[in-house]
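Student: Chain residues, written in single-letter form:
There are 2 protein chains.
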Amino acid sequence: MVQYSPRLGDAFAAVADPTRRGILERLGRKDASITDLAAAFGMTLTGIKKHVRILEGAGLATTEKVGRVRHCRLGPGQLTDATAWIARYQHMLEARLDRLGEFLERTKGRQS
Amino acid sequence: MVQYSPRLGDAFAAVADPTRRGILERLGRKDASITDLAAAFGMTLTGIKKHVRILEGAGLATTEKVGRVRHCRLGPGQLTDATAWIARYQHMLEARLDRLGEFLERTKGRQS
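Residue numbers (the numbering used here), protein chains in the order written: chain S, 1 to 112; chain D, 1 to 112.
Chain S on its own, in the form it takes in the complex (with noise of 0.2 Å):
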């Protein structure tokens, strides 16, 4: 049994969100407040504030309030055990496909 971070499947539910996955790229060419993150997308404060909050909770951003304004950056998380995970599971995918290649070319040597 593999053992992943507790915190795989917050790292999977941050990203599965379109938004969320918007503010990672764009906290990744550059850091940005909350407001400038608003802006952006088009939605409230509060709004971004939440979605923010979720990516903190799986360690993929971390944010530092300056006076008035929160800022926000990319955080330790590089989804490793994600990646991980993922590539087990294509892995024991390819190894289902070459059984059933296998199980078609014995029937098809047993018709010719």
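Since the hints were made in silico from the structure, they are not lab data. Wrong hints could be hidden among the right ones.
Computed cross-link-like contacts, DSS-like style, restricted to lysine-lysine with a CA-CA straight-line distance of at most 27 Å [to be verified]: (1) Lys50/D to Lys30/D; (2) Lys65/D to Lys108/D; (3) Lys65/S to Lys49/S; (4) Lys49/D to Lys30/D; (5) Lys30/D to Lys108/S; (6) Lys30/S to Lys108/D.
Only part of the chain D face toward chain S is listed, based on derived beta-carbon distances under 7 Å [what the hints assert, rightly or not]: (7) Val15; (8) Pro18; (9) Gly22; (10) Gly28; (11) Gln90.
Note that CB positions come from ideal geometry on N, CA and C, so glycine has one too.
Position chain D against the provided structure of chain S, taking the given hints into account.
Tutor: For chain D alone, coordinates are given in the frame of chain S:
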């Protein structure tokens, strides 16, 4: 702007749940009926059906009713878009770390 399948969000949402990841891992080893899955995960038939429906919606599982039994197997969805998105995110993160490293090197150079 990279174009991803509209199913990208569905795929991430589908694998955000530990039971659904468990179902995919189990189907990776062997096809199973809804009843098998309910027994394996200690859930009601209704609970398992709900999870399987979400996996079906994301193309990660398919089901077929034969007589009174609904058989489940892995679907064609291979999470390739999900992997591609994560890879791009990690690349961006590394680029930021590189820039931070260069900045620190320059700062150190000035101080010595």
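Student: So, for every hint listed, does it hold in this structure?
Tutor: Hints, verified against the model:
For the suggested pair Lys50/D and Lys30/D, the alpha carbons sit about 20 Å apart, so the restraint of at most 27 Å is met. Proposed proximity of Lys65/D and Lys108/D is contradicted: the alpha carbons are some 68 Å apart, above 27 Å. Our distance criterion of 27 Å between C-alpha atoms is met by Lys65/S and Lys49/S, whose separation comes to about 13 Å. A distance of roughly 18 Å separates the Cα atoms of Lys49/D and Lys30/D; the hinted pair therefore holds under the 27 Å criterion.
With a C-alpha separation of about 23 Å, the suggested pair Lys30/D and Lys108/S falls inside the 27 Å cut-off, and the hint holds. As the CA atoms of Lys30/S and Lys108/D are separated by approximately 23 Å, the hinted pair is consistent with the 27 Å bound. Taking 7 Å as the C-beta contact cut-off toward chain S, the hint placing Val15/D at the interface holds, the least distance being around 5 Å. The restraint placing Pro18/D at the interface with chain S holds, with a minimum CB-CB distance near 6 Å, inside the 7 Å limit.
Below 7 Å, beta-carbon pairs count as interface contacts, and Gly22/D has none with chain S, the closest being about 11 Å; its hint is therefore violated. For Gly28/D, the shortest C-beta to C-beta distance to chain S is roughly 4 Å, which falls under 7 Å, so the interface hint holds. For Gln90/D, the suggested interface contact is upheld, since its CB lies about 6 Å from the closest CB of chain S, less than 7 Å.
Hint violations for this structure: numbers 2, 9, all remaining hints satisfied.
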